[in-house]
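2 protein chains.
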Amino acid sequence: MGQKPITFLRQVTALCLCPELLDEPSIPQDAKGRARRLLAACAGQSAGAYSASPGIELVRQDVARFLQRRDGVPAKPQDIFLSTGASDAIVSILKLLVSGEGGSRTGVLIPIPQYPLYSAAIAELSAVQLNYYLDEEHCWALDVAELRRALAEGRQHCCPRVLCIINPGNPTGQVQSRQCIEDVIKFAFEEKLFLMADEVYQDNIYAEGSAFHSFKKVLFEMGPPYSEVVELASFHSVSKGFMGECGFRSGYVEVVNMDPDVQQQLAKLVSVRLCPPVPGQILLDTVVDPPQPGDPSYELFIAEKKAVLSALAHKARLTQEIFNQVPGIRCNPVQGAMYSFPRIELPPRALDAAKAQGQAPDMFFCMKLLEETGICVVPGSGFGQREGTFHFRMTILPPTEKLQVLLEKLSSFYTKFVKEYS
Amino acid sequence: MGQKPITFLRQVTALCLCPELLDEPSIPQDAKGRARRLLAACAGQSAGAYSASPGIELVRQDVARFLQRRDGVPAKPQDIFLSTGASDAIVSILKLLVSGEGGSRTGVLIPIPQYPLYSAAIAELSAVQLNYYLDEEHCWALDVAELRRALAEGRQHCCPRVLCIINPGNPTGQVQSRQCIEDVIKFAFEEKLFLMADEVYQDNIYAEGSAFHSFKKVLFEMGPPYSEVVELASFHSVSKGFMGECGFRSGYVEVVNMDPDVQQQLAKLVSVRLCPPVPGQILLDTVVDPPQPGDPSYELFIAEKKAVLSALAHKARLTQEIFNQVPGIRCNPVQGAMYSFPRIELPPRALDAAKAQGQAPDMFFCMKLLEETGICVVPGSGFGQREGTFHFRMTILPPTEKLQVLLEKLSSFYTKFVKEYS
Ligand SMILES: Cc1ncc(COP(=O)(O)O)c(C=O)c1O
Ligand SMILES: Cc1ncc(COP(=O)(O)O)c(C=O)c1O
Chain A
860 MGQKPITFLR QVTALCLCPE LLDEPSIPQD AKGRARRLLA ACAGQSAGAY SASPGIELVR
920 QDVARFLQRR DGVPAKPQDI FLSTGASDAI VSILKLLVSG EGGSRTGVLI PIPQYPLYSA
980 AIAELSAVQL NYYLDEEHCW ALDVAELRRA LAEGRQHCCP RVLCIINPGN PTGQVQSRQC
1040 IEDVIKFAFE EKLFLMADEV YQDNIYAEGS AFHSFKKVLF EMGPPYSEVV ELASFHSVSK
1100 GFMGECGFRS GYVEVVNMDP DVQQQLAKLV SVRLCPPVPG QILLDTVVDP PQPGDPSYEL
1160 FIAEKKAVLS ALAHKARLTQ EIFNQVPGIR CNPVQGAMYS FPRIELPPRA LDAAKAQGQA
1220 PDMFFCMKLL EETGICVVPG SGFGQREGTF HFRMTILPPT EKLQVLLEKL SSFYTKFVKE
1280 YS
Chain B
860 MGQKPITFLR QVTALCLCPE LLDEPSIPQD AKGRARRLLA ACAGQSAGAY SASPGIELVR
920 QDVARFLQRR DGVPAKPQDI FLSTGASDAI VSILKLLVSG EGGSRTGVLI PIPQYPLYSA
980 AIAELSAVQL NYYLDEEHCW ALDVAELRRA LAEGRQHCCP RVLCIINPGN PTGQVQSRQC
1040 IEDVIKFAFE EKLFLMADEV YQDNIYAEGS AFHSFKKVLF EMGPPYSEVV ELASFHSVSK
1100 GFMGECGFRS GYVEVVNMDP DVQQQLAKLV SVRLCPPVPG QILLDTVVDP PQPGDPSYEL
1160 FIAEKKAVLS ALAHKARLTQ EIFNQVPGIR CNPVQGAMYS FPRIELPPRA LDAAKAQGQA
1220 PDMFFCMKLL EETGICVVPG SGFGQREGTF HFRMTILPPT EKLQVLLEKL SSFYTKFVKE
1280 YS
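Residue numbers (this note's numbering), protein chains in the order written: chain A, 860 to 1281; chain B, 860 to 1281.
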């Protein structure tokens, strides 16, 4: 994702691929010890063998310990299924929940704007996409009244069974408050909805006053009946956070309160594709069980991690500041995740010009931007947005100096564009 | 898969994960050069970034060159889609071919015995599985008359559109003759079937007189109209062959004569899950573009490759010889792939005992074998077999001495079992 890799993660993984490097003096002892421990847990002591379908048992145990530390709530390796990126786990859970036969089709509530994996998977599975709109006027907050509206509407033509949440949000960058999460859990409880919590950006929190609250932690803090009844699947990934290791395609889902028969079907479902990539499983282990104070790799690890996260926080602020100086652009604070999703006013003549070309107005803007400046951003229509509003998504990942230039170029282009079409 | 990894493959991949090791003097120059070339082709020069959805362009080019060398027929990078193991590509192609809406359901012809990914994927997609039986009396050969029978039967209740071939076969270990492949292609042409050729065992050919003929090569040698019309998808993987790198989950499909609109849908379909794991893509590149004579890694590479393949050939013969000495066991020659699939006679009292336990007879045998000897083999019923026949599948992967002991133990257990239930 354009960020510098964290040395320890890569060292351990490379050692597991090439154990002859265990003699290499330049690699720290703790990385070597970790590689030996992981190799011993691989089938045939090799990263080249298929693992068990839900993942290497040791890695599942390490994930469980990580979750227990994070939430202060017990976590069991049996409830953790490693996956080929969070994408794979999200699609598997959707498949599992949707595939039930029967009269009416399964409805899945998703936020708008959303990460397009959801709409694509819902379409592939012939389920029904039920949109609930995030509240742009309140920093893209999730409003339970809006959830209720979307559910009621959905009930008229399908059987809504699943509620998807993305927190922190992609593309919208909001971080949900603890109160809001509680409200959503109560709602899911009352309406008997299965909660899918996409928490892949859990380490990417920048705004003062924002904090990451996992759905599982809040659920257990709420106690019975919620903690015993509400079914939850929470997703994580090595693609985001401080590590940004998208290419490894590694993640996991933890299921909570899942019906045991359904969970067994899940185990069967994932076994068809054999197992997640082993190098990614190894890398995931280093993420959930990082070097500790006193370990040879600790200082460098912490320094690298801090550098990545503080640069991201800085770039999140920078983005918001620059955009909000431009009349016609309004950018909510980038509280978390890796994107800004500013709203842009487009003059009527630009709408006409877009129509003439058969393009959505924000697509028209983005194409012009690309043609004239080489800057590539994604039109809001790719994520969904309220009718008549226009946005684009831009990542905060480029190096600070480069990002600053991009933001300024984009802003002047916008101003010029508006003038041209006014 | 229990075989020793090939040094060059692992070195290049590890270097790409940990470029700081490029200074390491113990790693040969050609591996370093290769790693630099591949890293330069990665997004952001990093194995940690998502690649393009169909795979790194350079790797697709290298696969195309490999296919061109193999077949003597042009191959285009645009027709190659890298995947998360062959499994992923097989499921994607099935999804693409089945998903067409319309009146009657899509029928997919698969061999029996089959690799269970096919039946599972067909069930998931709500397509119709149409069985054609391989001819055990003739070394598990594919007989076009049997294909014709299965197709005619299928036409009575669904719309057969796809014909799957596994060559060399899993679990059956046969290698198809060139003539047979020609006959199958003619049949697909006449009946307008899409051919899916699972050729993941193409490097695993052991029997004298057997050779691997790719469907694509035969198709093009047949010339028009076949070469211009018959739609084909061929699958390969790093999991088998001399490399056996299952854990990396890397493979590809090449599509031939695919309708351009359908191919565009395929591109869209694979983009939903972002991309195949990058470490696996890198490893695949080293497989399709191995060290050449004169390269520092060449001698070791060839020696390692030969050692793996000749050991497998030896174990294939050994398996067949030992099993065929046992009255009641009949094992076809293991011409290719990595398994034997011997047929076992089971006495009537064993069938009764199995029935009493609610188990398939060969499952009953395999469970008893496991309990008494610790040897784990898979009952034939997991792959499908002709009614009233019983088999099990055993891999030839364990080291020779260990395999010999396993074969002998299994044989004596079988003899004892038969005596006990007679
Ligand atoms: C909200 C969200 N969920 C899931 C994913 C998929 O992540 P992975 O790379 O782990 O499949 C992404 C990737 O951008 C994302 O933004
Ligand atoms: C015939 C056949 N096809 C496909 C596969 C899947 O291979 P991969 O590991 O590349 O997904 C296997 C694995 O055993 C196989 O035997």
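No wet-lab data here; the hints were simulated from the structure. Be careful, since some hints might not be right.
Any copy, or any two copies together, can satisfy a pair, since identical chains are not distinguished.
[Stated by the list, open to error] In silico DSSO-like links for lysine-lysine, alpha-carbon gap of 30 Å or less: (1) K1127 with K1214; (2) K1227 with K1076; (3) K1261 with K1275; (4) K935 with K1051; (5) K1127 with K1227; (6) K1227 with K1268; (7) K863 with K891; (8) K1076 with K1261; (9) K1278 with K1127; (10) K1227 with K935; (11) K1214 with K1164.
As the structure is a computational prediction, the values presented were derived from the model and not from experiment.
Taking the hints in turn, this is what the structure says about them:
no.	hint	verdict
1	K1127 with K1214	between (48 Å within a copy, 25 Å between copies)
2	K1227 with K1076	neither (45 Å within a copy, 46 Å between copies)
3	K1261 with K1275	within (21 Å within a copy, 75 Å between copies)
4	K935 with K1051	within (24 Å within a copy, 51 Å between copies)
5	K1127 with K1227	between (48 Å within a copy, 24 Å between copies)
6	K1227 with K1268	within (13 Å within a copy, 73 Å between copies)
7	K863 with K891	both (21 Å within a copy, 21 Å between copies)
8	K1076 with K1261	neither (38 Å within a copy, 50 Å between copies)
9	K1278 with K1127	neither (59 Å within a copy, 36 Å between copies)
10	K1227 with K935	neither (51 Å within a copy, 32 Å between copies)
11	K1214 with K1164	neither (46 Å within a copy, 60 Å between copies)
The structure fails to meet hints 2, 8, 9, 10 and 11 from the earlier list, while all remaining hints are met.
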